[in-house]
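Colleague: Under the working numbering, think of the first position of the sequence shown as 7, with each following residue one higher.
No wet-lab data here; the hints were simulated from the structure.
These numbers were taken from a predicted model, which means no experiment stands behind them.
Treat the hints with care, since some could be wrong.
Claimed, not checked - The calculated label-pair distances, taken between Cβ atoms and stated as ranges, are:
no., residue 1, residue 2, range
1, 206, 339, 25 to 31 Å
2, 359, 18, 48 to 54 Å
3, 138, 210, 46 to 52 Å
4, 352, 316, 52 to 58 Å
5, 223, 117, 27 to 33 Å
6, 359, 407, 46 to 52 Å
7, 145, 214, 33 to 39 Å
Glycine included, C-beta positions come from ideal geometry on N, C-alpha and C.
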Amino acid sequence: MHWVSWEKMCKTRKEGGLGFRDIGEFLLAKQAWRLLTKPDSLLTRVYKARYFKQKDFMNAVVGSRPSFAWRNIIHGRDLLEKGIMKNIGNGQSTSVWNDKWIFDKAPRRPFNKQSLFDLELMVSNLITHQGSWDHALLSELFFPPDVVRIMSYPPNIGLEHSYIWAYNRNGCCYTVKSGNWLISHLKQQPPPPTHEQVTRCLKKKIWDLKTLPKIKMFLWRALSGVLVVSTCLQAHGKQGDLVYLVTHAIEEAEVWNKLRDRQLQDNITNSQPIRRENRWIKPSLGVLKSSNRIAAELRGILWVLQSLRDLHLDNIEVWSDCGAAIEAIIDSSNWPRYSTYLDKIHRIISSFSRVIFMASSSKANLIAREIALSVTRDGRTRSYLSRGGPVWLSSRIEEEKRR
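Model the full assembly from the supplied sequences, consistent with the hints where possible.
Modeller: Rendered as structure tokens:
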């Protein structure tokens, strides 16, 4: 008789398996999710009184003489920790550097841009009094890619933070299917390289650098830990601290580069600045920018509703080719990641006598798409409602009527 391992049978059919699921850990993670998101349930209150009176569930420990069920729930929580993150409300209970609150292939905290930072900094310190992100402060603390991720989801200062499952599109709740996918995905990832492997790779690349031999030798000695730094650091009280030397060398190099760039700019005339499209470009003053498809659609729908209200229209239908945005409006409780926009949309809906939201194909309203394209193509910053449309718009409307 020929045998096939359970691990191979649990692979998807595309990967050569049978698609079976080892759902034990995934179901335990489901129970852990319920304890996390339903603190007022009877089950949560019983476990809290027994195992984590002075803590929250995510910081609870197995404890002494735990029950079999509690041990299994803690085991399921280990899976849950790999995929949950905080959805920002007012940010008062979310630590910038200790909590996972942004998503980049996996939930994580932002990367710190500065060598010195405040470990007690809260996300609420990054929010202005108007309830929006402080872009200047974000740019000062974080790298541009992280600034883009943070700006894509505005805070909701009227709510406390909530936990969301990062591997669902709506961020609503953990599912057994998404837990299974996460475990399978993590198993396929190669282990991170060790320190020795990274050092060996860097040493190999040193000799390919186009620089002086003495600089190559300096880098090799630094990576090998045989660089003599004691004498030059005694005066600073940092004897033997190679990090101190390298850090200050980098700072001095940055100052030198800035002075050199300034000199080059003074010598070059009639030149246009280069626009680097591989980084986040800050919008002009008064211009909104969104790097998230659903968030941009919800922001557009919110503006449409506000405009229709100002025009005193009372019976309206809103059609959109972004089905996820329409789904989020209809069932907003399952889309907590976009609660800021959804709360505003539902508040303004109450001012109409009838509002219907419908999803449509992108080809069902080509005129609307052409108007949107003309805004970016022609650099229009004013609404067509206030200034009237371009010349070609009337003829396109007539053509659309005859279709």
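Colleague: Against this structure, judge whether each hint is valid.
Modeller: Hints, verified against the model:
For the pair residue 206 and residue 339, the supplied restraint of 25 to 31 Å is violated, since their beta-carbon distance comes to about 52 Å. Taking the beta carbon of each, residue 359 and residue 18 are about 50 Å apart, inside 48 to 54 Å as hinted. Under the hint 46 to 52 Å, the C-beta atoms of residue 138 and residue 210, about 47 Å apart, fit the expected range. Against the hinted window of 52 to 58 Å, the Cβ-Cβ separation of residue 352 and residue 316 comes to about 18 Å, which falls outside the hint.
Between residue 223 and residue 117 the beta carbon distance is about 32 Å. The supplied range of 27 to 33 Å therefore holds. Distance hint check for residue 359 and residue 407: the Cβ-Cβ separation is about 28 Å, which falls outside the suggested range of 46 to 52 Å. Separation of residue 145 from residue 214 is about 34 Å and conforms to the stated range, judged on CB atoms against 33 to 39 Å.
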